[in-house]
Amino acid sequence: MNSSTFDFSTPDLGPESNKLKDKFYPPSEDTYLLLDSLEKDSFIIHKLNPLISLEVGCGSGIITTFLARMLGPNCIYFATDINHYACLATKYTTEYNKCSVQIVNTDLVSNTKLHKFVDLLVFNPPYVVTSEVEVGGCGIEASWAGGADGRVVTNRLLSQIPNLLSPTGVFYLLLIKQNKPEEVREYLEGFDIKGELVMERRAANEHLFVYRYQRNKCVY
Amino acid sequence: MKLITHNILQNNMKDGKKGYPLVLQATKIDKVIAEFNQEFLLRMLDRLEYHVLIHALEMIGMKDFLPIILPENCSEDEAFMKNLHHALLEIDIIEGELICPESGRKFPIKDGIPNMLLTDEEEMAVDSEPKSK
Ligand SMILES: C[S@@+](CC[C@H](N)C(=O)[O-])C[C@H]1O[C@@H](n2cnc3c(N)ncnc32)[C@H](O)[C@@H]1O
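These protein sequence lines are chains C and H, in that order.
Going by my numbering, the letters in the first sequence line up with residues 1 to 220, in that order.
Going by my numbering, the letters in the second sequence line up with residues 1001 to 1133, in that order.
Quick caveat, the hints were computed from the structure, so don't treat them as lab data.
Fair warning: there could be bad hints in the mix.
What the hints assert, rightly or not - Facing chain C, a subset of chain H residues (Cβ under 7 angstroms, in silico):
1) Lys-1014
2) Ser-1075
3) Met-1116
4) Thr-1119
Stated by the list, open to error - Quick list of simulated restraints, FRET-style, between CB atoms:
5) Asp-1077/H x Phe-43/C: 32 to 38 angstroms
6) Lys-116/C x Ile-1068/H: 22 to 28 angstroms
7) Pro-1108/H x Asp-192/C: 37 to 43 angstroms
8) Ala-148/C x Asn-1012/H: 21 to 27 angstroms
Ideal Cβ placement from N, Cα and C applies to all residues, glycine included.
Please build the complete structure, drawing on both the sequences and the hints.
Spelled out as structure tokens, the structure:
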């Protein structure tokens, strides 16, 4: 397939999602860097031919919508968020864009059975360095509050990555400089999962990175 | 919530019990139209707990919809593939409850979205347990 046949346009959220404005994380610089990274990697992702896609912390639903447009109906799209309004926004956004997405209101992947299941995993986490007490809510503050090093929520997902990824699974993660990306890379390296930088960008006062992680044994 | 999602939801319990499959009680069901894709369905069959799908259909009163045992050569069975597609992707549970078969714990489904979070009370009960970490 020629990459010019893919739809890479930035999805609109639509009127219903916009009514919930201020209750979920609006698409921001970090969101757009992830979209650009997925577009940049579209050839790799297509070649992996994912069957099961999962976005953790789907927020507005824009990234999952983008993926569903890019990969079409050969794949099933799961999306989770701890914030009920983000789940609703994702429902409205995906419906508005005529994409079928399976939404679950949960903490990361709690109470799911996705062991070695996930072919494509995407997470734009709450990455801002904050005090511990700000972490753990289910409202809009969960969009950014990342605790120590802005890594508290991310770390909980990282420890599950070896269990979640299918043999050829690929994981895209957004990090900022304060999250110590090198430490994350080394941590996953310990599970034989290698990380590579896909894109980086300076936006306002943030230095954003998107990494791709894959099992070393994965050949594609 | 589509039945494909029911297939991957579980009450992850600490005591090693399965918490799977969850009992499904539906009070509002919609039918939607999804694009049929044979290749997707065939690949999905490999990862699906077929008997759990059958169980889910039974629990919402659509028992005779699919054969209890997965037919051989199902890829050539057009009627079966169409029904499988419908069962997985076109039955939408809008309101209802998922119930853990072992603990009886309930997870509400509202606006078509299952809520698998602990309630505040449950959270407190968990916090007062000794942490295994
Ligand atoms: C930075 S926002 C990203 C939102 C969206 N994916 C985007 O890129 O625009 C982080 C999202 O993660 C969600 N989130 C935070 N903690 C979570 C957790 N423990 N489990 C699931 N989602 C969580 C937030 O509610 C928020 O929607």
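Status of the Ser-1075/H interface restraint (C-beta, 7 angstroms, chain C): Violated. Min distance 16 angstroms.
Interface restraint verdict for Lys-1014/H against chain C (beta-carbon cut-off 7 angstroms): violated (12 angstroms)
Looking only at beta-carbon atoms, does the pair Asp-1077/H, Phe-43/C fall within the given range of 32 to 38 angstroms? Holds - the Cβ-Cβ distance for Asp-1077/H and Phe-43/C, about 35 angstroms, lies within 32 to 38 angstroms.
Hint check, Met-1116/H versus chain C [nearest Cβ-Cβ separation less than 7 angstroms]: holds (4 angstroms)
Pairwise beta carbon distance, Pro-1108/H to Asp-192/C, judged against the given window 37 to 43 angstroms: holds (39 angstroms)
Satisfaction of the hinted span 22 to 28 angstroms by the C-beta atoms belonging to Lys-116/C and Ile-1068/H: holds (27 angstroms)
Hint check: 7 angstroms Cβ-Cβ cutoff, Thr-1119/H to chain C: violated (11 angstroms)
Given the hint of 21 to 27 angstroms, is the C-beta distance from Ala-148/C to Asn-1012/H inside that range or not? holds (26 angstroms)
In this structure, the earlier hints numbered 1, 2 and 4 are contradicted, and the remaining ones agree with it.
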